[in-house]
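Number of protein chains: 2
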Amino acid sequence: MAEQVSNKQVIMKDYVSGFPDESYMSITISTLTLPLKLPFSGNGVLLKNLYLSCDPYMINRMRKPHASSYVDSFQPGSPISGYGVAKVLDSGDPNFKEGDLVWGITGWEEYSIINATQALFKIRHTDVPLSYYTGLLGMPGMTAYVGFHEICSPQKGERVFISAASGAVGQLVGQFAKLLGCYVVGSAGSKEKVDLLKKKFGFDEAFNYKEEPDLDAALKRYFPEGIDIYFENVGGKTLDAVLLNMRINGRIAVCGMISQYNLEKPEGVHNLMNLIVKRIRMQGFIVTDHYNLYPKFLELVLPYLRQGKIEYVEDIIEGLENAPSALIGLFTGRNVGKQVVVVSRE
Amino acid sequence: MAEQVSNKQVIMKDYVSGFPDESYMSITISTLTLPLKLPFSGNGVLLKNLYLSCDPYMINRMRKPHASSYVDSFQPGSPISGYGVAKVLDSGDPNFKEGDLVWGITGWEEYSIINATQALFKIRHTDVPLSYYTGLLGMPGMTAYVGFHEICSPQKGERVFISAASGAVGQLVGQFAKLLGCYVVGSAGSKEKVDLLKKKFGFDEAFNYKEEPDLDAALKRYFPEGIDIYFENVGGKTLDAVLLNMRINGRIAVCGMISQYNLEKPEGVHNLMNLIVKRIRMQGFIVTDHYNLYPKFLELVLPYLRQGKIEYVEDIIEGLENAPSALIGLFTGRNVGKQVVVVSRE
Numbered sequence: 001m002a003e004q005v006s007n008k009q010v011i012m013k014d015y016v017s018g019f020p021d022e023s024y025m026s027i028t029i030s031t032l033t034l035p036l037k038l039p040f041s042g043n044g045v046l047l048k049n050l051y052l053s054c055d056p057y058m059i060n061r062m063r064k065p066h067a068s069s070y071v072d073s074f075q076p077g078s079p080i081s082g083y084g085v086a087k088v089l090d091s092g093d094p095n096f097k098e099g100d101l102v103w104g105i106t107g108w109e110e111y112s113i114i115n116a117t118q119a120l121f122k123i124r125h126t127d128v129p130l131s132y133y134t135g136l137l138g139m140p141g142m143t144a145y146v147g148f149h150e151i152c153s154p155q156k157g158e159r160v161f162i163s164a165a166s167g168a169v170g171q172l173v174g175q176f177a178k179l180l181g182c183y184v185v186g187s188a189g190s191k192e193k194v195d196l197l198k199k200k201f202g203f204d205e206a207f208n209y210k211e212e213p214d215l216d217a218a219l220k221r222y223f224p225e226g227i228d229i230y231f232e233n234v235g236g237k238t239l240d241a242v243l244l245n246m247r248i249n250g251r252i253a254v255c256g257m258i259s260q261y262n263l264e265k266p267e268g269v270h271n272l273m274n275l276i277v278k279r280i281r282m283q284g285f286i287v288t289d290h291y292n293l294y295p296k297f298l299e300l301v302l303p304y305l306r307q308g309k310i311e312y313v314e315d316i317i318e319g320l321e322n323a324p325s326a327l328i329g330l331f332t333g334r335n336v337g338k339q340v341v342v343v344s345r346e
Numbered sequence: 001m002a003e004q005v006s007n008k009q010v011i012m013k014d015y016v017s018g019f020p021d022e023s024y025m026s027i028t029i030s031t032l033t034l035p036l037k038l039p040f041s042g043n044g045v046l047l048k049n050l051y052l053s054c055d056p057y058m059i060n061r062m063r064k065p066h067a068s069s070y071v072d073s074f075q076p077g078s079p080i081s082g083y084g085v086a087k088v089l090d091s092g093d094p095n096f097k098e099g100d101l102v103w104g105i106t107g108w109e110e111y112s113i114i115n116a117t118q119a120l121f122k123i124r125h126t127d128v129p130l131s132y133y134t135g136l137l138g139m140p141g142m143t144a145y146v147g148f149h150e151i152c153s154p155q156k157g158e159r160v161f162i163s164a165a166s167g168a169v170g171q172l173v174g175q176f177a178k179l180l181g182c183y184v185v186g187s188a189g190s191k192e193k194v195d196l197l198k199k200k201f202g203f204d205e206a207f208n209y210k211e212e213p214d215l216d217a218a219l220k221r222y223f224p225e226g227i228d229i230y231f232e233n234v235g236g237k238t239l240d241a242v243l244l245n246m247r248i249n250g251r252i253a254v255c256g257m258i259s260q261y262n263l264e265k266p267e268g269v270h271n272l273m274n275l276i277v278k279r280i281r282m283q284g285f286i287v288t289d290h291y292n293l294y295p296k297f298l299e300l301v302l303p304y305l306r307q308g309k310i311e312y313v314e315d316i317i318e319g320l321e322n323a324p325s326a327l328i329g330l331f332t333g334r335n336v337g338k339q340v341v342v343v344s345r346e
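Protein chains in written order, with UniProt numbering: chain Z, 1 to 346; chain R, 1 to 346.
FYI, nobody ran anything at the bench for these hints, they're computed from the structure.
Fair warning: there could be bad hints in the mix.
Identical chains blur together in the list; that is why a pair holds if it fits in one copy or across any two.
As the list claims (entries may be wrong) - Straight-line Cα separation of at most 25 Å, DSS-like style, residue types lysine-lysine; simulated pairs:
no., residue 1, residue 2
1, K265, K220
2, K87, K48
3, K220, K64
4, K97, K48
5, K296, K156
6, K97, K87
These numbers were taken from a predicted model, which means no experiment stands behind them.
Work out the full structure, taking the sequences as your base and the hints as a guide.
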């Protein structure tokens, strides 16, 4: 029995130029006939979207294709896509069946037909909040794990600095570092976030970078003996100050540079001579290259989560219609913790 | 029988500020009584200096001690020191005896008493020009070897770019890369140097950066498919242009940034987002950390040299009194090939 259902969607109207705002997106309603019968176009899946993830990298997909983008741009006039958690309503892919829960790349809409099923992971553990698969147990969690454990080669007792530390990735890097026995300091952009870092996530220290006119002095205060590991989320002036404070044989995992994404021209970084002086390894990475490690990652993190050894904070907004403002809020630092949009709770 | 000999010395008169020139150095004559009898002050050696090496890093020793220097500053009023080749006249160190030839850190003078004998290597192969131990077979050779083979993890067929490519280090990196089967392009600052790279050192291509108003375009011309490995000797604008042209999983060995050493404030580097986009590993190093590899290095390079598979060009100036202008010439790019000063030929 065919049933007509409405499918609310978040459409990118045009490529973003300059600082993004909600006006680049609109909410539209299309219709979909259920149940869709196979084949769709080959062997895709029909998903009912439950939770959507707002991630900083998405701004790069909202801009015109350009040389320094590592992801395809969205199509103006089409729904935005991104990480999410969804339920499989029907499947033409033998790896998925009706009723499966998945996380991975889906559309910013109520229902999505996804042909790129290789970007979907089946959710096998449901004793934890499903929304966590947009964060702790999904791409941001893997990003923290790969960037810290694989890229930084951390050792017990090392001194770790994390920028944008209360975000989805930063909060986890800090906790992984604490679990390993490191000294951990984070920077964030409000008193509320700083309190969260110290009181909830167990960072040794944290500071509000907006209240530090001299970042170099702030870092010298918290790292009188220098920084062994810097987890880079912001770029620009912060990176320049960090370079002055790195220790010999230091490592910098370059995960993101959110302070630079919306500038006409990125800021200049002046202190790269320290790479030589301090024998620093600075390494960029993209988590999708490392998804083969996902099972190993879950083995590490699920027990921590179940034993209460990892705290995780989400900033949850209800309703797909509020997704555009949630996404834009990332770039003004409005969110506290991982920004999630609830499309549907089941 | 005591004999009074004069000892010509190159003294650093004062710390260099701004661009260096010869006026910061003076030639003085002190006297020394030979033969010196043991103990000097413990277990040093008395050296007769033969060849002195002019190396770009030395400018950092001529400046006031500062945070981003990785070597001690010279003492105003004292002789400059640096790498050289010397003959042992007398020794209080059981590892050295009269008549030994050594390379390592010595003074810019005719005779030196060196207590830091751990910075001296005994020369065991004398079928090659002795002056080569200031370059190909000494610190610059080791720098090229470590930076390329150890830091860059090169593979046959990869695309390699080298800046300051005709210098002591660059000419060797290019030849190591060619011997491994890489595609190699170098930049240098004159037609003569470019010719040397192509005709003498066997680079696939070379260009004069001074004649390229758009370095990005120049790199795109020589690397239409991008750069796998960049051996960084200059920094600044060159690094920025290279970052735009790196390939995925590229590596940058940061050996030096000669274009930045004499600037009031280093130039800003704007394209570091490419570290993420291209998953680049950028790693600084200092050769002295890797001197344990010297025997392995000699095993590789001596056969190449004897078989004529490695070319090596020196720019030789006669006489210690000409050492100051030879050193300053490094920073104006006057030298062609490794800059050596002959103090004495035996």
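Going down the list of hints, with the structure as the test:
1. In the homo-oligomer, the alpha carbons of K265 and K220 lie at most 25 Å apart only across protomers (21 Å), although the nearest pairing inside one protomer, at 29 Å, exceeds that limit.
2. Taking the closest pair of Cα atoms, K87 and K48 come within 25 Å of each other only inside a single copy of the chain (5 Å); across copies the shortest separation is 81 Å, beyond that limit.
3. In the homo-oligomer, the alpha carbons of K220 and K64 lie at most 25 Å apart only across protomers (22 Å), although the nearest pairing inside one protomer, at 40 Å, exceeds that limit.
4. With identical chains, the CA atoms of K97 and K48 are at most 25 Å apart within one copy only, with a shortest distance of 13 Å there and 83 Å across copies.
5. Taking the shortest alpha-carbon separations for K296 and K156, only the intra-copy value of 20 Å comes in at or below 25 Å, while the best inter-copy value is 33 Å.
6. Taking the shortest Cα distances, K97 and K87 sit within 25 Å of each other inside one copy (10 Å), while across copies they are farther apart (80 Å).
Of the numbered hints listed earlier, not one is contradicted by the structure.
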